[in-house]
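Undergrad: Between the sequences and the hints, there should be enough to build the whole structure, so can you do that?
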Amino acid sequence: MTEPPPTLSSFFERARDGKLTAIKCDGCGALAIPPRELCAECGQRRWSVVPLSGDGEIASFTVIRIAPRGHAGDAPYAIAAVRLVEGVSLLGRVVDIPFDELAIGRKVRFRPLRIHDVTALGFGPL
Amino acid sequence: MRRVAVIGVGTTRFGKHDRTSAELFASAGADALADADLPASRIQALYYGNVVGGETEKQLHTSPQAASVLGLPSIPTTRFETACASSHAAFRHAVMEVASGASDVVMVGGAERVLNVPTPDSTEYFAYASDASWEQTLGLTFPGVFALVARAHMHKHGTTEAQMAAVAVKNHKHGALNPKAQFQKEITLETVLSSARVADPLKLYDCCPFTDGGAALVLASEDVARRTRRPIWVLASAAASDWMLLGDKRDLSRVPATERAAAAAYRQAGKRPEDVDVVELHDCFTIAEIVATEGLGLFEPGTGGLAAEKGWTSLGGKVPVNPSGGLKAKGHPIGATGAAQICEIVTQLRAEAGPRQVEGARTGLTHTLGGNTATVLVSLFGRD
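For the protein sequence lines, the chains are V and X, in the order given. When we follow our numbering, the leftmost residue of the first sequence carries the number 246, and every step to the right adds one. When we follow our numbering, the leftmost residue of the second sequence carries the number 33, and every step to the right adds one.
Treat each hint with caution, since some may be false.
[Said to hold, decoys possible] Pulled a few chain X residues facing chain V out of the computed Cβ check, cut under 7 Å:
no., residue
1, P152
2, T169
3, L172
4, T173
5, A179
6, A184
7, A231
8, L284
Treat the hints as calculated values from the structure; they're not laboratory data. Because the structure is a prediction, the values reported are computed rather than measured. By construction, the Cβ of each residue, glycine as well, lies at the ideal position given by its N, Cα and C atoms.
TA: Structure, rendered in C-alpha cells:
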C-alpha cells in the first residue's frame, strides 16, 4: 500500500501552530510545497513531511493598494516571494517591516497569520 | 495534417456594454460570418472562451448559450477556461479539429462582461485565477502578481518605471488609431508616472482596464479557404504551462511558459523571431509586454524595457508590438482577448488596418498569457 501524500490541510494545520513544513521525495530527496502527488524530478510517489527553518530572504515584493473585495479593508499591505534557506520559495504577507524598508535580499522569518479567519503565511523581521 | 486558415474575423467595440457576454459574442460571430461571406449553416463547431461568467453574470454553460444566441443551436460547443488565455486555447484546439479533417469550418470565439460589477468584485474574481490556498488567502491581486515580476526584472536588469511607462504611452498611441479600442486617446509618460499606485511599482496606467467585449473567428480547411477572398494561414499554434504557484517559479523576472510556447510555435512554422513583422501580445501590465518581447525572442533578455523606450516596438519601429493598442488601450475582455488579438493580426496581414497598418507585414504572431503566468499560447500567421 502506498501512503497517501501529506494533505494541504495538514500543512496549514502545522503552519497555524507555527511549524512551517514541506514534503521531501523519498526517492530523490527533492523538496516540494504540498499538495504534490508525483515528484516532478524523479516521478516517485512517496513523500515525507520535513520541517523548514522558516528563514529566508525576499526574492520580490509588492505593496497592494487596490485590494480584492475580501481584503479591501486591509490595504495597503505587503506581499513578498521569499526564498527559504532550504531552497523552496513561498509567498507571504510581510508584517512588522515598514514598506520603505522592504528590499530584495532582505532576510525575513516565517510568522503564522490568520487573515479573515483563514490560516495564511506571513514573514517578519528576524 | 491539413493547412488551416482564418477566413473571417469580427469584434465588438471594446468598453462598457449593456449586453450579456452571449450577446457580445453573437454580434462578433455574425460579423465574422459576414466577413467570411459564409452562411451560418456552414459552421460545424464552436470553440469558446469565457472566464468569469459564473461570477459576473451568474452564468455557467456559456458555450451552448453563446451558440444559441448567435442562432446555431445544434452544433457541438465547448467552453475553454485558461484564465486570460481562454479563447487562444480554444483557437488552438479548433485548429486541430480542422487540421485533423474532423471538420472543415469551425468558429472560435470569446466574450466577457465585467463592467456590470464594482471594481473590488472584479478584482476578486480575477484573483480566482491564482491559487486559492496559497495566494488568494494573502490578498494577492493580478497587479500584485505582475508587480512581483516587475520588481524582480528591475532588480536583475535595471528596468525602470519610465521604461514600463513607455509601453503604456506607445500602446495608447496605437489605440488612438483603433476605432474599436476602449481608450482612443494618447497619454504622456507623466500621466503614467503620476497615476495612482495599484500594486507597487505598478500604477494605474501600467494596468490594462476591465472591459466588456466579444470576438470571433471563422477557421476553414485549405479547400474551403482557397475559395475565399483573402485567407490568412495558421502557421503554428502552441501552448505551454508552468508551475501554478508563483513561489515555485525559480526566476520571477522571466515567464518560462512564453519561452516554451514560442519555441514550439517557431519550430512548427519553420520560422525565427526575426521573421516576425507584427505582434499582438499580452500586455495586461506594462511589465508583461517587456517580459513577453524578451520571451518571444524579439529582444535579448533584459532589453525589453530599452526596446519600448527607444520606440523599437512602436508602429514604424523594428518590430511593431500591439498596433491595436493592446490590452492596455484596446481593452481586455478576458475571455475574448486571444481571439481579438488574432482578429488584429489577420487584419494586419490582409493589409486592412488603415492608419495603424504595419506596412508590408507578411508574418504575424499572437501571444496570450493566462493568469499567474502558468498558461501561455503563441500562434503564428502568414499570407499568400
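Undergrad: Could you work out which earlier hints the structure fails to respect and list their numbers in ascending sequence?
TA: none
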